[in-house]
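Please work from the sequences and hints to get the whole structure.
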Amino acid sequence: MTVAKPAPVVTELNGPFMEGARQGVLLLQRCDACGTTSPFPPRYACAHCGSYPLTWFESSGLGTIYSFAIVRRPQHASFEDELPIRLIAVELDDGPMLISALEDGEPAIGSRVSVMFRDEPTPLPRFRLESPEFPRRS
Amino acid sequence: MTRARIVAAAQTPYEKRPTRPPMAFLIEAFELALAGVGAQPRDVDGLAVTSYQLGPDNVTTVAEHLGLELTWSWQGAMGGAAPVISVSEAARAIDAGLAETVVCLAGDSFDVQRHMEMLDRDFNGAMRDYLAPFGFGGTNGLFALTQTRHMHDFGSTREQFGLVAVAQRANARLNPNALLRGDLTLDDYLNARPIAEPLRLFDCVLPCGGADAVVVTSAGSDVARRSNRRAVEVLASGALHNWEAGTPVTLIGGWSSYAGELLRTAGMRHSDIQMLQLYDDYPIMVAIQLESLGFCSRGEGARFLAETDISRAGKLPINTGGGQLSCGQAGAAGGLIGVVEAVWQLQGVAGDRQLERHDTALVSGFGMVGYGRGLSSSALVLGA
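Chains A and B supply the protein sequences, listed in that same order. For what it's worth, the working numbering labels the leading residue of the first sequence as 7, then goes sequentially. For what it's worth, the working numbering labels the leading residue of the second sequence as 287, then goes sequentially.
These aren't lab readings, by the way, just hints derived from the structure by calculation. You may find that some hints are simply not true.
Computed footprint of chain A on chain B; a stretch qualifies when at least three of its residues, placed anywhere within it, have a C-beta under 8 Å from a C-beta of chain A [unchecked claim]: (1) 406–413; (2) 419–425; (3) 480–491; (4) 525–536.
Calculated Cβ distances over 10 Å to all of chain A for the following chain B residues [to be verified]: (5) Gly553; (6) Arg589; (7) Gly669.
The beta carbon of each residue, even a glycine, is placed where N, CA and C say it ideally should be.
This is how it looks when you write it as structure tokens:
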């Protein structure tokens with residue numbers, strides 16, 4: 007019997023983000039009052055000017071690896087089946103930095119990546135190395 | 287105006303795989319602290335508590351348990367940065383006449399499994415919802431991201447970071463309360479079991495059970511008058527939270543914003559600081575603190591470790607009791623262990639590991655890891 011993996015709690019705030027993720031789309035937030043793109047993760051109000059609510063927009067999903075780590079001891083036993091986990095920090099072309107995991111291939115600082123989502127109930131954005139064999143979902 | 291002073295520090299024995307709840311350790315630390323100054327609970331009118339597992343209890347119910355009637359109370363919410371802040375806040379409260387004698391407590395009852403469970407589900411919402419589902423490995427994974435980038439940008443090496451673990455283990459061998467006192471060579475450090483590469487086993491603290499305590503009182507109090515120990519003063523303090531906003535992985539800490547003013551207020555230069563008790567959740571953070579506090583330039587922290595004798599006999603001793611890396615991290619006690627060690631050193635009661643020069647110390651705190659990094663930093667300059 008497989009142990010269930012920890013899943014995000016879905017709320018009214020992150021509901022649209024989670025729905026987008028289920029549809030294979032990375033949604034980020036922008037403030038219409040001042041034009042600032044909000045940092046990740048989703049929040050209620052603009053950190054720059056205090057306006058709310060923020061507006062969701064579809065990210066290109068493209069970014070560059072800023073850093074990475076090879077996790078061999080996960081914080082939960084359910085991840086033993088996917089070790090090692092290639093944890094990455096990605097600077098999205100749209101601005102925010104996300105912490106995520108590389109789905110396949112080996113991470114390197116500076117590598118270009120594109121977002122993908124697993125087929126699961128509450129997926130989070132993961133990344134693949136951008137290469138000619140894996141064109142971005144259009 | 288009264289002038290607050292630290293008159294005592296205490297620490298419970300630390301335990302691997304503890305069975306007692308956090309309250310048990312906190313109470314024991316409190317009683318050890320009082321015994322150290324010959325005080326009674328009725329002498330205490332201020333209490334500060336930092337403990338990750340204390341809920342559903344809190345500082346007020348701890349006071350209830352102890353039978354204290356408080357005019358001042360404080361509870362830490364800034365992770366490992368909080369205990370250092372609690373000491374400076376206690377001193378400020380005493381100087382303002384809000385309390386006469388304050389005990390600052392920090393402690394928890396962890397083992398490796400319970401600590402990982404907390405980071406998986408119970409530390410904060412961002413970690414639970416946006417990091418845990420990746421199997422991020424807790425703070426080990428996050429600080430591995432920090433170290434990877436630091437090595438890339440500045441050419442720092444694992445050999446340099448390992449010097450922290452090795453030097454602190456040598457200090458711990460003289461500390462009867464350190465949980466890890468076996469020999470540790472640089473080779474042991476370099477070849478240890480990988481945890482979240484580049485971090486390996488001896489980059490990581492051992493979660494354990496225990497609690498630390500500090501007694502802060504006004505110079506004119508009975509507690510102060512009865513103390514025959516050298517008085518330690520908080521000469522300067524600083525803290526910063528969520529700096530820099532919106533930077534999930536960062537190579538510099540908030541101390542960089544106030545380190546200059548910290549030393550100016552203390553009337554000191556870097557060269558006047560005789561020991562550093564730094565928040566050593568990881569050697570990479572020790573290097574980043576050295577940079578952020580201005581002991582070396584940006585990016586030079588690891589090289590500084592290689593070029594400076596940080597042993598007890600050296601030019602700038604760091605974590606003279608072994609630090610969290612060798613003593614163990616009893617949850618929030620990891621944020622007070624540096625204050626306790628500094629107080630013992632300045633009072634001249636550090637036993638076999640006593641430094642010859644023990645008039646000044648800089649102690650730092652760090653923590654409340656949110657989406658990717660420790661959000662809070664803190665520091666004290668202590669003098670005797």
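Now the hints, each set against the structure:
Note: the region 406–413 of chain B has 4 residues with beta-carbon separation from chain A under 8 Å; the three-residue rule is met and the coverage holds. Note: the region 419–425 of chain B has 6 residues with beta-carbon separation from chain A under 8 Å; the three-residue rule is met and the coverage holds. Look at the region 480–491 of chain B against chain A: 6 of its residues bring a Cβ nearer than 8 Å to a Cβ of that chain, three or more, so the hint holds. Counting residues of the region 525–536 of chain B whose C-beta lies closer than 8 Å to any C-beta of chain A gives 5; at least three are required, and the coverage claim holds.
Every Cβ of chain A is farther than 10 Å from the Cβ of glycine 553 of chain B; the closest lies at roughly 37 Å, confirming the non-interface assignment. In this structure arginine 589 of chain B is separated from chain A by more than 10 Å, as the shortest Cβ-Cβ distance comes to about 20 Å. No beta-carbon of chain A is positioned within 10 Å of the beta-carbon of glycine 669 of chain B; the least distance is around 39 Å.
In this structure, every one of the numbered hints holds.
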